[in-house]
Structures are given as C-alpha cells and as structure tokens.
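A.B. asks: From first to last, the protein sequence lines stand for chains A and B. Note that our numbering has the first sequence beginning at 1, numbered continuously upward. Note that our numbering has the second sequence beginning at 134, numbered continuously upward.
Hints may be right or wrong, so weigh each one.
What the hints assert, rightly or not - Listed next, the in silico SDA-like pairs over lysine to any residue satisfying Cα-Cα at most 25 Å (straight line):
id : chain 1 : residue 1 : chain 2 : residue 2
1  : B       : 197       : A       : 103
2  : A       : 46        : B       : 400
3  : A       : 103       : B       : 429
4  : B       : 275       : B       : 261
5  : A       : 94        : B       : 198
6  : A       : 46        : A       : 107
7  : B       : 243       : A       : 33
8  : B       : 260       : B       : 428
9  : B       : 197       : A       : 98
10 : A       : 90        : B       : 196
11 : A       : 103       : B       : 288
12 : A       : 46        : B       : 243
These are computed hints drawn from the structure, not numbers from a lab. The structure presented is a predicted model; accordingly, all values stated were derived computationally and were not measured.
So you can see what is in the structure, the chains are spelled out below.
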Amino acid sequence: MKGHFKSLGFGLCLSLLLSAPLWAHHSFAAEFDGSRSVAVTGVLTKVDWTNPHIEFSVDVNQDGNATTWTCAALGPGVLRHAGVNRDDLKIGEKVTVRGYPAKNGGNHMYARVVEFSDGHKIMTGLNVTGADQ
Amino acid sequence: MIRRCCELLLCGVVLLSPVSLGAQQAPAQDTSKPTPRTADGKPDLNGVWVAGPDLLKAVIESEKGANGSLLISINPQKLDALAGGRAAPALPKPGDPNYDADAVRVAQLKPGDPGYDRDKVAIARRKLAPNQPPYKPELQAKVKDLAEHQTRDDPAFYCKPAGVPRIGPPSQIIQTPTAVVFLYDSENVFRYIPTDGRPHRADADDTYMGDSIGSWDGDTLVVDVTRLTDDTWFNQDGAFHSTKTHVVERLHREGDVLSYQATVDDPEVFTRPWVMNPRRLKPSSDLLEEASPCRELDESNLVNFDRH
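So here's chain B without its partners, still in its complex pose (with noise of 0.2 Å):
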C-alpha cells in the first residue's frame, strides 16, 4: 500500500474514508471485560471515545536542529506499520456488480509502474469498494459527476460540517437518564438526543446534525435523525442527498470496545436503506477541545479538478 513517506504528499486532507481498519479497530479481547453501567443499569457510554492510533503521534515526527530549528517529518516505518495492520479489500471481478475495468487496473498500480498516482490509486480503490451507497440509476450519473468535480463542489471543503452521518461517530458521550449528548471535536457541533420517549420536533428546521431522539433497545442506544440539510454529502465521491434523509445509529457497548453503526435511507435518491460500515471505538483518557476556527482560503487558487 503507502511504502514512503513522499508518497503521501501530494495530497491535502479528505473527509473519512468509509472503510473500517484492521489498524483501528479497538482489540477484540477489549470486549471481554464487564461493561460499565450507569445507576438506570443502561451501559455506560460516558466518556471520550477513539477509533483507534492518535495518527499525529504515530507517524509525524519533529527533530530539533541548531539554533531551535524545528524539522517535520513522517515516519514511514511507523506509517508501513499502521497501512501493513488494513486488510486489503479484494477487488471486484468481471461480472461482479461493480466491476470497472479501468478503475480495477489504477487500482492495482504500484509506486514506480507507468502512469502511477497515488491520488488516482486511492480514488480507484474507493470506487471499487465494497458497500457502496444504492443511488437510483437515474442518479448515478450525477454522482459520478459531483464525484470528479469533488474540489470544488464538495461542501465539506467550505467549512461546512460534514453533518450526520458522514461525521461518523460522536468524539464524546455525555449520557443521563433522560438525555444523552453527542460532542464532536472535530467542528464544534454537539448533539441533544433526547431518551424520554419525546417524538421528534414537529417544529425543526433542517439543519448539519439534523433531529434526533433516542431509545433503547436492550443495551443498544438507537439514535432516529431526521430533518437534515441537503448541503452535505455522505462521502467525498459526490454522495449528495436530499433533506429526505433518515438516519438510523446504533451505539453499543461491550467492554470497552463501542460500536457504532448508521444505516441511511433516503428514498429521494437510494433504492434501498444503505447500511455504513461499522466502526469501533475505545475509550480515551483524552481532554475534548474546541478545534481551530476553520476558513476556506484556496476556491480561488484552484486551477483544475485534481482531487484525492
């Protein structure tokens, strides 16, 4: 997969990559410990919780020179490390639903074969990735079509909030027994999910993180999201939407490992319900904080739709 740290370069930062990884996945022997439970004998899912590796710690490194120069760098050891624990995904075959010919040969392009590019090569593979969002036939063009004008036309790159679900799963869990709250420190947005029994709002407005309310179903908190704004996508390949959306997520904890899994469907544009692939969390000792004032400073400078 990655072998050097130039590899990586060429490219800036993209919203989440559905796929789950082996290098992320919390430890199977973390759900065999008891799973903490609050005074109402709910599963406790207070706390701050992680997909897996800080990736800052793991593979930048900074080396102080003379005069308190500071030098930056990946460490392609450790970064060999993290790739080498993700399975490869198999890829499709003539006849299979989603094979592309093309898409299957960039794909297997290598560092140092003709025509490689590192960007092209990630494009391909989520591409033929499996699970991929049921669009109507009518719509797959569209898709495709926001998809390679991603750099200028995904939302996301305007500071926007990605919004539920492409934001994936909360960074932390506030939970009483009336009430739990959703915090994310990615963008500064939160989330009041009420458990009372309440109906959602009949007065909402659509809005990045739409209306939830949340029930229990055995241990698992399943959270019902309605009411979100058409002014995101559900991935960066041009998964675009309509304020039609209803989200479904649920949170279950066994140990220490939470899952979190969100099932989409939007009957404006999918043929069936679109189930995400699960993701596993574990718990963190870690302080939220409130991230960096975002601003989109490079529309401008754009010359050309290259994207990654």
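With the rest of the complex left out, here is chain A (with noise of 0.2 Å):
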C-alpha cells in the first residue's frame, strides 16, 4: 500500500519534508563513516526485513576465520516501494556488500548496494557521499 508512514531507514533524512510520524532512528552519523568505503564477500545468513531498517548478516571467511558482519540498510517501506522485497535477499546466496563502514570499527556497516554472484545487484541503501563506489 503507502508509505506515507513507512520508514525510510538509515541514509534517508526527509525530515524537513515530514509532517507525518515515522519510525525514528538514530543519525547515521553516530553510527557509519559516510567518506570510507567497505566490501565484504560472503554468505547470507539472516535478514531481519524490521523498521525501522533493514538488517542483513553475511558470514565472511576472513583469513581462514569465519565472521559474521552485519549490514544495516534503508526501511522495509522504501525498498518494497523501490521493488526491493524481502525474497530478493535469500538466505545461502553468496554475495558482495559494498558499503560504508561502522566507526566503531566493528563488523558492521551500511550496505549500500548487494551484488550477487550472477552479477546482478540489488541497491539495499542509497549514496551517502554523492560519489559512485
């Protein structure tokens, strides 16, 4: 239906458009470094398809270890309205995460973008800094 008051998730302020209650976040800021960029290769093995954004984990072997790294994107509303649903993100494909990196140096990060190993991609979050990765 609408998405009058759907959540926009992280990467979208509209707030000097909105008279309408959304889900509130927290700034992007406190949380992903807008001027760095992150790529990880792995496995899909959760999506949380929750408000007010989106949550995706991919398990990367790294260094012969396997880590887990969590992808935080836009609201389930903007992506279902983009056609972005939950079934294109399926558990045990392999993919790639571009995106942009938690401060807190952690496994964590903003996925702007998911590219599947046939090599179509599939926009999860939207261009931070105005530059194409």
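Fit chain to chain and form the complex, with the hints in mind.
C.D. replies: Okay, here's the thing in structure tokens:
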C-alpha cells in the first residue's frame, strides 16, 4: 500500500519535508563513516525485514576465520516501494556487499548495494557521499 | 533549502517535524465541497486520512538494470519541488524571545558554505521555529540536554510508540454514533474513544495512547486524553513530560479537508498550555496495513551524539 508513514530507514532524511510520524531512527553519522567505503564477500545467513531499517548478516571468511558482518540499510517501506522485496535477499546466497563502515570499527556496515554471483545488483541503501563506489 | 539528493543522505529518519508544510497541505478548494455526514447528522470522519503526497512515490525512484539489477535513487527535481512548496519560516531577530545568534548563523548556512552541515542546519531551524513547547525556565536546561543526547535518549528510537500527541493525527478513523476508533499505520496502535458521554475511566493505567473520551462541539470532534505515560517525548528535541500530561485534540472536517489540532498541557513542566501546529489532511483510498515489526539494532554501534 502506501508509504505515507513508513520508515525510510538509514541514509535518508526527509525531516524537513515530513509532518507525518515515522519510525524514529538514530543518526547515520553517529554510527557510520560516510567518507569511507567497505566491501565484504560471503554468504547471506540472516535477514531482519524490520523497521526502522532492515538488517542482514553475511558470514565472511577472513584470513581463514569465519566472521559475521551485520549490514544495515533502508527501511522496509522504501525498499518495497522501490521494488526490493525480502525474497530478493535469499539466505544461503553468496554476495558481495558494498557500503560504508561502522565508525566503531566492528564488523558492521551501512549496505549500499548487494552484488550477487550472477552479476545482478540490488541497492539496499543510498549513495551517502554522492560519489559512486 | 534542500538542493541535492546527496545532501539528504547523511541522516536517518526522525519523528515528525512539528511544522506544517505548504507542500503537504490539502488544497484550499477541497474545503468548498459539501461535508459528508453520517446518519446521525455528524460530519463523517470515516476513512483513511493522509497529510499529503506519498513521499516515497514523490522522491524515490528505482530503475531496473542488467540481469535484474535494481538501482534506487532520489529524484532531486521532485524533492526540490516538494521543498519549494514550503515557505521557509522567518528566523528570529535580536530581541525576539527565541533569538539565538549561533543558531541563526547555522540556520542560514547553505551547501558549500564553510561549516555547513545539513543535520546541524535542520536542528538549528527547529530550535528557532516559532511555537516552541513552553517549558518552565528551570526545566529548559534539561530539555536542551536531552535534545543533545537524543540519538541515545529519545524513547522513540527504541521502537516504543511515539504516543499521543507525538504520533499526530490518526491514519484512519472509524466512526459510530457512540464511539470513534483511531487507527495508526505507523506503529500498529489504536485508540477506542467513547463519544457517549461517559467520563474518563477511573481505573485506567498510564499508557502510550492514554485514556480518551470524545464529544462533539458542534461539528468538531473533541477528544480529551489523560493517563499518558511519561515514557515519550513530544518531539525529537527533548520535549519530555510528566504523567500529568493532558491533551485535547480537535478534529474538524470541511469538505474533503480534515483539520487536526492538539493542545497539550502539563502543569509539571509547562508554564501554559501548548497549542501544537495544526495539520490538514485529505482522504485517501489506500488501505491500512500493519507495519513491519520494529527492532532496535543500532544502540551498541553508536559512537557519538550526532543527531539529525
């Protein structure tokens, strides 16, 4: 249905335009570094299709050690409006996720785009810096 | 105001701006239509009501690429059109009660200016906006402190309901001769509001949506709300309150325009009742839908108090 009151999630602030309530969200800048980029390759292991933004997990083999990256993105309302559905992120798929790293240095990022092994890409976040990655 | 899509992208989503927007107001001519009435002669408030254009449809665009790729972007022209429909409020001048030299300086920064930060500009503009909640002087420092720590302290950041009055007007109204029901698609909450003359419940607990009773003042539905929990803010800028909060909402339909106004009093924190900025809504044929579940996943990753 409509998106009048749906969360837009991380990376999109329309507060100057909105008079309607949305799921509140912490500031992007309090969590992510929009001036740096990060990319990880691994297997999708979990998808939380939740407000105020979705989050998915990718198991990454780093230097022989398995680590889990958590990837925050836009909200479910804006993603569905844009044509991205939960089924587009299938558990078990091998993906490369590109985005902006967490400022705390942890295995956490703002996921801008998910690249699949057949070459297709799904954007899950917006371009924060204005520069293409 | 906002000129480029990339200027939008550094902050997450906030709760409502208390400012009513020209671009989102229902057209004035919609008030000239006859006001539909129910069988008992009251204005018919039934239906889904929206504040204005669907922002997602208005500014978010997606483009299918090779191999089924999907690219999402913001259309800056449409965004500019929306922003341009809003008259920028005048900034206070020296001597005005809410004048703050530093905030005025920041509020006037434009993209490209030294020190420009879109989030800080937005915060400064909200600070300087007219019609601030009238806090007692001894509590203003607390409001300021809460605002500065909003990214960690705002209850709404933890998937708690915004509550009355922050949640704003209902998304859908169901009206009967003896009660109205307010539904909200943002948070899967509802309010059952008797209009049969009964008083407030004596045994009501404090809740996010409070205990409401309704009555008709001529053609205006008046909803009186008490027993609100203090686990909410009135806005994103630290507007805390007590459980003594008392809200009176007035809903008036004229043609296809529903006007909504909330007056908030809290003798524990305010010096006088606060009449919030009115909202104008228009009917929608959309169906209400349950929102996706909400989960707070970010607090452990916050490294500073940046806010938007």
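A.B. asks: So, for every hint listed, does it hold in this structure?
C.D. replies: Hints, one by one, checked against the model:
1. A C-alpha spacing of about 32 Å is found between residue 197 of chain B and residue 103 of chain A, which places the hinted pair above 25 Å, so the restraint is violated.
2. Distance check on the hinted pair: residue 46 of chain A and residue 400 of chain B sit about 48 Å apart at the alpha-carbon level, beyond 25 Å; violated.
3. Distance hint between residue 103 of chain A and residue 429 of chain B is fulfilled; the C-alpha atoms sit about 18 Å from each other, no more than 25 Å.
4. Distance hint between residue 275 of chain B and residue 261 of chain B is fulfilled; the C-alpha atoms sit about 18 Å from each other, no more than 25 Å.
5. Restraint check: the Cα-Cα separation between residue 94 of chain A and residue 198 of chain B comes to about 20 Å, which is no more than 25 Å; the hinted pair holds.
6. Between residue 46 of chain A and residue 107 of chain A the CA atoms are separated by roughly 15 Å; this keeps the pair inside 25 Å, and the hint holds.
7. A hinted pair counts as satisfied when its Cα atoms are at most 25 Å apart, and residue 243 of chain B with residue 33 of chain A qualifies at roughly 22 Å.
8. Pair hint residue 260 of chain B plus residue 428 of chain B does not hold up; C-alpha atoms about 29 Å apart against a cutoff of 25 Å.
9. Only pairs whose Cα atoms come within 25 Å are accepted, and residue 197 of chain B paired with residue 98 of chain A is accepted, the gap being roughly 19 Å.
10. A C-alpha spacing of about 21 Å is found between residue 90 of chain A and residue 196 of chain B, which places the hinted pair at or below 25 Å, so the restraint holds.
11. Between the alpha carbons of residue 103 of chain A and residue 288 of chain B the distance comes to roughly 23 Å, so the proposed pair stays at or under 25 Å and holds.
12. Taking the CA atoms of residue 46 of chain A and residue 243 of chain B, the gap is about 41 Å. The hint is violated against a cut of 25 Å.
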